[in-house]
Amino acid sequence: MRRKRRKFTIPSKYLLLILTVVCVVLMGVSAFTDLISAPLLNVAGGIIVPMQTGVSRIGESLSRKKDEVVNIRDVMARNEELKEQIDALVIENNALAQDKYELNQLRQLYELDQQYAAYEKIGAHVVSKDPGNWFSGFVIDKGQKDGIGVDMNVMAGSGLVGRVTEVGDNWAKVLSIINDKSSVSAMVLSTEDTCIVEGNLETMKSGMITFSKLVSEEGSVKEGDKLVTSYISTKYLPGILIGYVTEINPDSNHLTNSGYITPAVDFSHLQEVLVVTTRKNLYGSDGGEAQ
Amino acid sequence: MRRNLFIAVCMLLAFVLQSTVGKWIAFGGVSPNLLIIAVAAFGFMCGTKCGLITGFVAGILWDMFYGSMPGFYAMLLMYIGYMNGAFKQIFYKEDIKLPLILIMISDFIYGLVCYILQFLLRGRFHFPHYMLYVILPEVVYTMLLTMVIYPPLKSVTLKLDDLSQGRESSNA
Chain A
421 MRRKRRKFTI PSKYLLLILT VVCVVLMGVS AFTDLISAPL LNVAGGIIVP
471 MQTGVSRIGE SLSRKKDEVV NIRDVMARNE ELKEQIDALV IENNALAQDK
521 YELNQLRQLY ELDQQYAAYE KIGAHVVSKD PGNWFSGFVI DKGQKDGIGV
571 DMNVMAGSGL VGRVTEVGDN WAKVLSIIND KSSVSAMVLS TEDTCIVEGN
621 LETMKSGMIT FSKLVSEEGS VKEGDKLVTS YISTKYLPGI LIGYVTEINP
671 DSNHLTNSGY ITPAVDFSHL QEVLVVTTRK NLYGSDGGEA Q
Chain B
7 MRRNLFIAVC MLLAFVLQST VGKWIAFGGV SPNLLIIAVA AFGFMCGTKC
57 GLITGFVAGI LWDMFYGSMP GFYAMLLMYI GYMNGAFKQI FYKEDIKLPL
107 ILIMISDFIY GLVCYILQFL LRGRFHFPHY MLYVILPEVV YTMLLTMVIY
157 PPLKSVTLKL DDLSQGRESS NA
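Here the protein sequences come in this chain order: A and B. Anchor point for the first sequence: position 60 equals 480 in my numbering, and the numbering is continuous, going up by one each time. Anchor point for the second sequence: position 78 equals 84 in my numbering, and the numbering is continuous, going up by one each time.
The following block holds chain A by itself, in its conformation from the complex:
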């Protein structure tokens, strides 16, 4: 009974083998270049990102409604609390305003650049997040067309969220600082000691990420100290708030300290972010890296 001409088909075993080879090649090539992912991404991004944007918008409004209902009691209690805080902050603010006035004068005296005072920012919506539970990255609804480029810093409110790692026409992929694979060169604001802040899935369950390699005098860095991005970072602009020190322990080598920080940004409810369009000026960006 072979009257009907049989369609040419590959047995699934061979197909599996072929696709395995494709995957291995993809992994191999991508380890050295990003030739493959960029064009593929742009094609897929054009189709999928608009869908994700739509679904996200709907969900955003729904989850907001839900939060409104659930949280109203909390909010009332918080409101009282915050009112008291406002009073305290107004007093503090007055003091700070005076300090700022003094600082401005000093800056002029020292002819310091005020380049960090006002970064240009673009607002963007988070449209989708990493499907798995292992890493935290997300995609935003602004891309090359809106002037976003790779390595631009992303903030939410006053804190650092991460940086852009890939860009398409209408979307960009953001690596957040709480991602297990992310690390940021940071600095304790009060003592100017530098350290490395690393994302950690394990400690993120309790809302913290880790820092390490902090060289400082014993007792000079205390819990609650602010950590900001450092001047020596190659990707992050200096002076952006990362979070607050929540625990600090000396390492066994008695030279460095490590511990935990609480990020300034609430990563579980991230809906709008700001992309800083000013990029850190790399030494290599004008005329090739030295050596």
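The hints are simulated quantities; they were obtained by calculation from the structure and are not laboratory data. Glycine residues also receive a C-beta, built at the ideal position from the N, C-alpha and C atoms. Each hint should be verified, as a subset may be incorrect.
Stated by the list, open to error - 20 Å max Cα-Cα, derived PhoX-like pairs, lysine-lysine:
no.	chain 1	residue 1	chain 2	residue 2
1	A	433	B	94
2	B	160	B	94
3	A	562	A	541
4	B	165	B	94
5	B	55	A	433
6	A	625	A	601
Said to hold, decoys possible - Some chain B residues near chain A, calculated using beta-carbon distances under 8 Å:
no.	residue
7	24
8	62
9	144
Unchecked claim - Chain B side only, calculated, beta carbon under 7 Å to chain A, not exhaustive:
no.	residue
10	26
11	54
12	55
13	58
14	70
15	72
16	76
17	81
18	139
For chain A, the structure is supplied; the task is to place chain B on it using the hints.
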């Protein structure tokens, strides 16, 4: 043909929902894995080839948008689809135990491989924590979701399957 179209639409939908809705229905920071459900289900319902292709496509999408190494999730999901396809012989539609067990094992393997290749190799040795707070909750949550979405998925797929098979046999 119609069945394949349905599978393609399902995979696209699964990916979009997973990456958007997934985080809102997250419980304790862990969201269920729709993609694993879809890949495994199409695997044991439609065979090895179908399973490995859906796995590959879903994985490639995942890799492109979120992976740090294109090809990793594609390969992982492809093998999961293929392995589930091998169970087509003992799959019959009234049974819900086999699908549940297969999806559970698939999700567990996915979690384990992710931990070993992406965390253990980078020196994150605290396995019990990851097991307790990431892998197991995800498996349980995914199973619960399976019970909701598997029955309709199965009936549509098998109906389309019957249709196409019926047409082929009448053509021959």
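How the hints compare with the structure:
1. A threshold of 20 Å between alpha carbons decides the hint, and for residue 433 of chain A with residue 94 of chain B the separation of about 15 Å falls inside it, so the pair holds.
2. Taking the CA atoms of residue 160 of chain B and residue 94 of chain B, the gap is about 13 Å. The hint holds against a cut of 20 Å.
3. Pair hint residue 562 of chain A plus residue 541 of chain A holds up; C-alpha atoms about 12 Å apart against a cutoff of 20 Å.
4. Between the alpha carbons of residue 165 of chain B and residue 94 of chain B the distance comes to roughly 16 Å, so the proposed pair stays at or under 20 Å and holds.
5. Between residue 55 of chain B and residue 433 of chain A the alpha-carbon distance is near 8 Å, which keeps this suggested pair within the 20 Å criterion.
6. Of the pairs offered as hints, the one joining residue 625 of chain A and residue 601 of chain A holds, with about 16 Å between alpha carbons and a cut-off of 20 Å not exceeded.
7. Checking residue 24 of chain B against chain A: minimum C-beta separation of about 4 Å stays under 8 Å; hint holds.
8. Below 8 Å, beta-carbon pairs count as interface contacts, and residue 62 of chain B has one with chain A at about 5 Å; its hint therefore holds.
9. For residue 144 of chain B, the shortest C-beta to C-beta distance to chain A is roughly 6 Å, which falls under 8 Å, so the interface hint holds.
10. For residue 26 of chain B, the interface hint holds, since its Cβ comes within 7 Å of a Cβ in chain A; the closest pair sits about 4 Å apart.
11. The beta carbon of residue 54 of chain B is positioned within 7 Å of a beta carbon in chain A (closest approach about 4 Å), and the interface hint is therefore held.
12. Given the 7 Å rule on beta carbons, the hint for residue 55 of chain B holds: about 4 Å separates it from the nearest Cβ of chain A.
13. Checking residue 58 of chain B against chain A by beta carbon gives a least distance of about 5 Å; that is within 7 Å, so the hint holds.
14. For residue 70 of chain B, the suggested interface contact is upheld, since its CB lies about 5 Å from the closest CB of chain A, less than 7 Å.
15. Hint status for residue 72 of chain B: holds, given a least beta-carbon distance of 4 Å to chain A, under 7 Å.
16. Because the closest C-beta pair between residue 76 of chain B and chain A is about 5 Å apart, less than 7 Å, the hint holds.
17. Interface restraint check for residue 81 of chain B: the shortest CB-CB distance to chain A comes to about 4 Å, inside 7 Å, so the restraint holds.
18. Here the hint on residue 139 of chain B is kept, as its CB sits about 6 Å from the closest CB of chain A, short of 7 Å.
Violation of the numbered hints given earlier is absent; every hint is satisfied by the structure.
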